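Novice: Going left to right, the sequence shown walks through residues 129 to 538 as our numbering numbers them.
All clues stand as given, with none of them false.
Straight-line Cα separation of at most 27 Å, DSSO-like style, residue types lysine-lysine; simulated pairs:
(1) Lys391 to Lys432
(2) Lys302 to Lys333
(3) Lys333 to Lys323
The calculated label-pair distances, taken between Cβ atoms and stated as ranges, are:
(4) Ser202 to Asp278: 23 to 29 Å
(5) Leu373 to Gly291: 48 to 54 Å
(6) Gly474 to Ser263: 28 to 34 Å
(7) Glu475 to Thr331: 47 to 53 Å
(8) Ala343 to Ser365: 43 to 49 Å
(9) Ser365 to Thr228: 50 to 56 Å
(10) Gln279 to Ser136: 42 to 48 Å
(11) Ala343 to Asp502: 43 to 49 Å
(12) Thr293 to Asp243: 20 to 26 Å
(13) Ala211 to Ser136: 20 to 26 Å
(14) Glu200 to Ala343: 28 to 34 Å
Hint data in this document are derived by calculation from the structure and do not stem from the laboratory. Note that the coordinates shown come from a computational prediction; the quantities given were computed from them, not determined experimentally. Virtual Cβ for every residue (Gly too), placed ideally from N, Cα, C.
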Amino acid sequence: VNGCAVASAEHSFSTLTATELGMTISVPLGKDWTDAATPDADCSAATRTGGGFGVGGTATATTTTGTHHGTEFSYSITATDIAGNSKTVDGDDANVTIDTTAPDMQLAIAGKAYDSDHTYAYDLSASALLAAGDSAGANSVKVVFDESLDQSTVTASDFTVGGVTPTSVSFGGKKQYIDRLVYLEMATDLAPNAKPTIKLTGTVKDVAGNELKEATTSTDGYADKVNASDGVNPTVSNAALDGTLLAEKGEAIITFDSDENMKDNGNSVANVCTCVVVAGGGASAGAVTSAKLAVTLTSPTAGKATFKQTDYTATGIYGLVVQAKDVNDNEGNSGGVKVTNEDVSGEIAADLAATSTVTTIGLKKWPLADHDADGVLTDSITATVNGTAVDITVSAINWSETEEVSVMFN
Numbered sequence: 129v130n131g132c133a134v135a136s137a138e139h140s141f142s143t144l145t146a147t148e149l150g151m152t153i154s155v156p157l158g159k160d161w162t163d164a165a166t167p168d169a170d171c172s173a174a175t176r177t178g179g180g181f182g183v184g185g186t187a188t189a190t191t192t193t194g195t196h197h198g199t200e201f202s203y204s205i206t207a208t209d210i211a212g213n214s215k216t217v218d219g220d221d222a223n224v225t226i227d228t229t230a231p232d233m234q235l236a237i238a239g240k241a242y243d244s245d246h247t248y249a250y251d252l253s254a255s256a257l258l259a260a261g262d263s264a265g266a267n268s269v270k271v272v273f274d275e276s277l278d279q280s281t282v283t284a285s286d287f288t289v290g291g292v293t294p295t296s297v298s299f300g301g302k303k304q305y306i307d308r309l310v311y312l313e314m315a316t317d318l319a320p321n322a323k324p325t326i327k328l329t330g331t332v333k334d335v336a337g338n339e340l341k342e343a344t345t346s347t348d349g350y351a352d353k354v355n356a357s358d359g360v361n362p363t364v365s366n367a368a369l370d371g372t373l374l375a376e377k378g379e380a381i382i383t384f385d386s387d388e389n390m391k392d393n394g395n396s397v398a399n400v401c402t403c404v405v406v407a408g409g410g411a412s413a414g415a416v417t418s419a420k421l422a423v424t425l426t427s428p429t430a431g432k433a434t435f436k437q438t439d440y441t442a443t444g445i446y447g448l449v450v451q452a453k454d455v456n457d458n459e460g461n462s463g464g465v466k467v468t469n470e471d472v473s474g475e476i477a478a479d480l481a482a483t484s485t486v487t488t489i490g491l492k493k494w495p496l497a498d499h500d501a502d503g504v505l506t507d508s509i510t511a512t513v514n515g516t517a518v519d520i521t522v523s524a525i526n527w528s529e530t531e532e533v534s535v536m537f538n
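Working from the sequences, and respecting the hints, build out all of it.
Specialist: See below:
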């Protein structure tokens with residue numbers, strides 16, 4: 129086991145005749161497995177007489193299909209007959225993982241819902257995978273467990289959020305986060321700066337069957353709890369523009385409100401800011417980036433910005449998105465509308481010569497908006513082919529009345 133000989137006393141023979149041998153390796157779970165072998169510290173010599181096999185049983189191991197406790201190890205069995213012929217069973221089929229550790233709630237984030245349409249831009253970093261599928265949801269809480277759960281054992285009634293039972297539960301996660309991310313939907317929206325306490329009042333199991341439940345000696349009424357961080361995005365409302373048709377040297381004032389205090393950028397623009405995002409113009413092969421207008425807060429929950437023709441001289445239609453950033457760095461915006469499942473098959477008249485071929489596609493909904501105010505619009509467009517998500521590169525945007533994007537299917 130794990131390269132270490134099993135002692136004779138650990139063999140249990142159930143059948144032993146002249147022609148048949150039935151045998152059970154009987155080593156109880158616990159320290160006999162996880163301790164290092166003695167007297168053979170490397171657990172490799174055939175002279176082992178006791179001690180463990182050096183198998184880690186509590187550390188988490190990540191895979192492309194989830195996360196579990198325990199470390200994979202292997203075993204081999206060699207049988208030798210009276211004539212000296214031997215047969216060994218080993219290889220991948222002899223790999224085993226022992227998981228005796230119950231799952232644990234690690235953290236929770238208020239205001240996060242799951243959206244299967246969200247992609248993670250093929251970024252395989254842990255932070256990107258943890259957030260993959262997240263969308264703003266004022267009536268939802270995201271709970272993160274330290275290992276993958278058995279979905280069939282998880283129900284909404286297993287949890288309370290600020291003392292209230294959720295109405296539904298769903299799962300998310302990519303690769304090592306599969307079935308580790310639990311989304312709890314509430315009947316009503318959370319407060320703008322909510323930090324509710326999440327309690328597990330029922331029982332959930334990991335994929336190995338280990339239960340997370342309240343201890344028999346406990347009087348708390350719950351098995352586990354975490355205090356959620358504030359992930360609720362501010363809601364922007366009452367956005368108004370005092371002019372929509374600007375002549376030379378004209379100006380328009382944008383005003384708006386937020387349902388919670390906003391972070392003041394000091395009338396400057398940062399990558400993530402309380403600001404107004406501008407996209408558009410008349411160029412037929414325009415940029416795939418956006419610009420930003422600085423905002424002045426007229427109160428903690430209200431702001432204004434000035435759009436000047438002298439800064440945007442190209443004739444054409446411009447789209448404005450108002451973004452508010454609260455004191456906990458959550459971002460909410462107004463001015464962008466998500467469009468899903470727009471069929472553009474008719475825009476591609478013939479087979480593309482290669483994946484590197486750039487084609488132009490007209491869009492019915494216009495203009496494009498920088499939905500996350502990150503300065504680029506390429507991540508504001510995603511695509512599927514026959515229902516399967518594909519990676520695309522947007523190289524140019526036609527901001528004229530043609531309303532097209534130049535796209536390469538990677």
